Amino acid sequence: MNHRVKILREVVVANQNVRDFLGNMAMKLLCETSCFSLCNSVVKMMFVFVLYSCGGPENVKISLEYPPVYPDYINVSIPQNIAPLNFLLRNHPEKIQVSIKGKADSIMVRGNHKIEIPQEKWSSLLSENANDSLLVKVFAQVNAEWILYKSFKWYVKADKVDSYLSYRLIEPGYEVWNKIQIAERNVENFDQRILADNNLTSGSCMNCHIHGNHDGKLSMFHLRGEKGGTILNKNGQLRKINTRAKGMLSNAVYGDFHPSGRYGVFSTNIIIPELHANRSERLEVYDTASDLVVIDFDSDKVITKPFLSDSTTFETFPVFSADGKWIYFCSAPKVTLPDSIKSLKYSICKVAFDAEKGEIGNNVDTLWNARKMGGSVCHLKASPDGNYLLYTVVDYGTFPIWHREADLQLMNLKTGEIDKLNQVNGPNSDSYHSWSSNSRWFVFASKRDDGIYGKPYFCYIDASGKAHKPFVLPQRDPEAYDYMLKSFNIPDLSATPVPFDAKDIEKVYWVQAAEQVK
Amino acid sequence: MNLKKYISSFVSTAFFAMLVVFWEFFYPNHLIQKEQMQLFMTDWDYFIQHLSVPGGFATYLGEFFTQFFLFTMAGAWIVSIVLFSIYFGVKCLLRRLFGSRFSLLAFVPAIAYLFLLCNDFYYLSGAIAVSLSVWAVVGYLKIKSPASRAVVGFVGIPFLYWFLGGAYVLFGISVIASELVIRFSKESGLNPMKSLVLYIAACMIWGVAIPLFAHRFLLLDTLLQSFASSAYYKFTLAFPIYLKLIFASVPAIILLHFVFLKLSEKIRLIMQLGFGLMLIGTLFLGFKKVPVFAEEKEMMYSNLVNKQDWTEIIKQAERELPKGQQEKLALTLALGRTGQLSSRLFAFSPTQSDFFIPYKVHGMAPLIANEPYFYLGFVNFSQMLAMESIDSSPDAVMPVRAVKRYAETCIITGQYDVAVRFLTLLKRTLFYRNWATKASEYLYNDEKVKAHPLWGKLRASQPKDEFYYQSDQMDAMLFLLLRSNSQNRMAYEYLMSSYLLQKDLDKFLEFLPLVKSMNYPELPLVFQEALAYTRTLLTDWPDALKAYPISDNVSKRIELYANAFNSGGNKNAAAMKQSFGSTYWYYVHFSEPNGKN
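Quick note, the sequences are listed as chains A and B, same order. First residue of the first sequence? That's 1 in this note's numbering, and the numbers climb one at a time after it. First residue of the second sequence? That's 1001 in this note's numbering, and the numbers climb one at a time after it.
Hints in this document: simulated from the structure, not taken from any laboratory. What you are looking at is a predicted structure, and each value in this text was computed from that prediction instead of being measured. Wrong hints could be hidden among the right ones.
[Unchecked claim] Not close to chain B: a few residues of chain A, all C-beta gaps over 10 Å, as computed:
1. 234
2. 299
3. 482
[Said to hold, decoys possible] Computed spacing ranges between beta-carbons, pair by pair:
4. B:1049 with A:323: 48 to 54 Å
5. A:179 with B:1268: 49 to 55 Å
6. B:1588 with A:427: 33 to 39 Å
7. A:235 with B:1209: 31 to 37 Å
8. B:1308 with A:483: 29 to 35 Å
9. B:1275 with A:479: 56 to 62 Å
10. A:501 with B:1051: 21 to 27 Å
11. A:420 with B:1292: 56 to 62 Å
12. B:1148 with A:112: 44 to 50 Å
13. B:1308 with A:242: 49 to 55 Å
14. A:179 with B:1594: 37 to 43 Å
Glycine included, C-beta positions come from ideal geometry on N, C-alpha and C.
Model the full structure from these sequences, guided by the hints.
And the structure:
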């Protein structure tokens, strides 16, 4: 088949969903390739008819390059339950036509410079093509000329991602903040719910909404301010806890749930922000002191060990292992700050935890030695299946979101092997990650687009442990990321929605007294 | 009758003239600053976004008119027209209810709002909402049929609630007060009495139920915000009593006027006169107590910095020495920008703290705070302070001046992707569109940025060393800035000024050799004075310092100074100031770096 015929076939296919009747007729004619030569004149007439009736591509030029789609959805792996991957073309076309073709069915979408894929058709196309791929063909009219770009694929994974993603929406500012919201997005569609809004809580800061066991019935976040506390959600019952006991450095900061839901492990930190003078840097945030504690939510008791509150060492970013028998954390020897900030390097350590007795073990093991590896580790997250530890590595320090070099790494806890995730990391900071309950997906905040605004990216880890090219959380309007002046902070996945909303948090903030840990 | 009409017209005209004069000649910089504190976008999305919340329409109108405050005269006329329309609305309302009688009471809400608007926390949108509510009552009273009025009143409450926010209360209570007046004065209106009582009760329940419903099902606002809306006051956690009193004043005026008319003609006349005097007294006291003229002056300097009108800043300072922190910062910046810091600094009684505003996490970062950092070449610090101004604005509205500065800093530092977001916002405005479009031409074009007369210089001036912002270590930071670009004359003058103000002559002499790379036509006057003074302290004048010539004039002046000082001037600061107040020597002997004499 010569080029002209190929193009003709594309164009007719492209128009089929727009004018079903005419499209089907054309398809029928084209599919009867044996009598193609005989029907040539009929097809030509049909083609002209379709083009006249739909205003579709004609005189199409073929490009050997991928289309300039934003977000970058070229050849990405996606879960079968993700919302439509709406996108736009960065070369400002007058019109675009996109065909998304599965094994049996296909979707045709048209737009000006962006497309919105119909939700229902999309969902059924994904489920029909689970563990297969979709072929995406993009036609664009640029300067009155139609171009057919190189096709790309969406690899649909049968492994689903947890449906609910919570994140904090905040301006990526410096020391002060204005509007902060914690939102929950259903990643299967575009529904977003506000879980907390500082407009309702006297403008106070709020951070780190995390789930326990990837379940909306167990979650927490710290609500600062005069009437604040750590908000603990257990089956929709909201508690407000003052997590600062006598002798602690601060209230609880970075933390994680024990799989039993009874305990939380936290760091307490004295955090100092510094502003870089140099144009390539922004903020440096470091701790001048940091310790670890476990809080028993049933008894409001604080559990610790002297070596975890040692003034010669910084300990931070603690998490429980998947079985709850270990606490992984980052540790660094104290250095003079800020003068020796570049020598501040955190290793990954672990210490045993006995949930029955509520006791922390006595021996600390080092899993990743900063001295040997030549970096500094932050934000540990153990995969729910116990196989992996995902973390961020920076050149130095403890606050990766303003370190351009911050990259994710994946440690196989069984073999100790480390994957530097080159196919996942971007040119700017990649950090604040969270696993899906099936350990096949993780989400992370990446500033790869502009270095300032963090967006949630999803990455697939296949059965062999190989990471696939990540994709950003789809938005109904793909231009939303261009206009949004908020960063998506601390994305965290959950299989179910949390049973509270911003009005509940308002009540807890103003009315409920805080429980005091001892 | 005619006399009353003439008096009424005269008083009304005088009131309007007073408003215009006040805003145009006594308080214009507050209006300009109000414009700088918002970012009004002209597109449809912005309008729809406003309509989606109660009071949003009033906010939209307020922001729309506030954008013209960029031009002083337009601002003065707009505010005056809005305030006058409140007065005139109440006047028409009273006329409609009670016939064409002149009442000084009609001035009360407008005068109250006049003084509220002197405070930056109150919006023009609030005054517009009050005015529209008053006119809605006038419109309501135009309806003759009591039943139709009842329907309009009932529909008007939710309508005005959604469009004007809290001022719906003014409408609701005024409607009730009017119906009572109609019922009891004209023995017309809603009949029987039971209908009136029912109507009043229904209006009250309706007025409470609608915001409650909106709060429960439609809004993500506090209960107070759901009732009051964000159209009136910058801080959402409070709704000042003054606003509540203004809302209550209109129905109160209706009822008072009703009672007033029951009095005898003589008593009414005496009361009118008494009340007239009271109003004049209130205006007199109000103008004396409420407007903060010191703040107005600070804003004037801040606005001149924004306009980069350095000459005017220096002229103003020559007329009267700046007192406020922002004024002094503006002056040192103007001296720095015009290359006069090293020749005229001590003519303005400087202090060590005049150069920068220390960064504080609490409260809003002043719009001017980033300016000296920007022009010096500390672009990162300027960017931070611009963003802090945006983030710390109490009402979460983006100040256009800070947005513009933030976009500029992004272009200078090459953060083009971020600059695009902010330029896109500016392109959606009426008065910053052109600037943003021109600025967009510099995106992703490093060569063009380098060639820009200001941005190119600032890009080259940026520090190359890594260090952190330390507001208490400005000398060290200026030194590092200078090390990155040894021809940054402004940074050099700031640094030398700091040493001279600290009376640290060792440091001054240490950095003096750098003066050669600054291409001064001659050694700056202040440096000559400092050198001349140093010479008086040394027995031998080192050869190294002979390379810095001191003019004959300075040599003669210091001799005169020394003679005067030694003949009793050391104990007579005032006399010395008169003759030598603008010299470094006077500063050394009679002033302290913190400004104390």
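Here is what the structure says about each hint:
Interface exclusion of residue 234 of chain A from chain B stands, the closest Cβ pair being 25 Å apart, more than 10 Å. No Cβ of chain B approaches the Cβ of residue 299 of chain A within 10 Å, the least distance being about 35 Å, so the stated non-interface status holds. A beta-carbon of chain B is positioned within 10 Å of the beta-carbon of residue 482 of chain A; the least distance is around 7 Å. For the hinted restraint 48 to 54 Å between residue 1049 of chain B and residue 323 of chain A, the CB-CB distance of approximately 49 Å keeps it satisfied.
Look at residue 179 of chain A against residue 1268 of chain B: about 53 Å separates their beta carbons, and that is inside 49 to 55 Å. Range check, residue 1588 of chain B to residue 427 of chain A: about 54 Å between beta-carbon atoms, so the 33 to 39 Å window is missed. The hinted range of 31 to 37 Å is satisfied by residue 235 of chain A and residue 1209 of chain B, whose Cβ atoms lie roughly 33 Å apart. Roughly 30 Å separates the CB atoms of residue 1308 of chain B and residue 483 of chain A, a value that falls within the hinted 29 to 35 Å.
Separated by about 59 Å at the C-beta atoms, residue 1275 of chain B and residue 479 of chain A satisfy the suggested range of 56 to 62 Å. Against the hinted window of 21 to 27 Å, the Cβ-Cβ separation of residue 501 of chain A and residue 1051 of chain B comes to about 24 Å, which satisfies the hint. Between residue 420 of chain A and residue 1292 of chain B the Cβ separation comes to about 60 Å, which falls inside the hinted range of 56 to 62 Å. As the Cβ distance of residue 1148 of chain B to residue 112 of chain A is approximately 48 Å, the hint placing it in 44 to 50 Å holds.
For residue 1308 of chain B and residue 242 of chain A, the hinted distance range of 49 to 55 Å is satisfied, since their beta carbons lie about 51 Å from each other. Look at residue 179 of chain A against residue 1594 of chain B: about 39 Å separates their beta carbons, and that is inside 37 to 43 Å.
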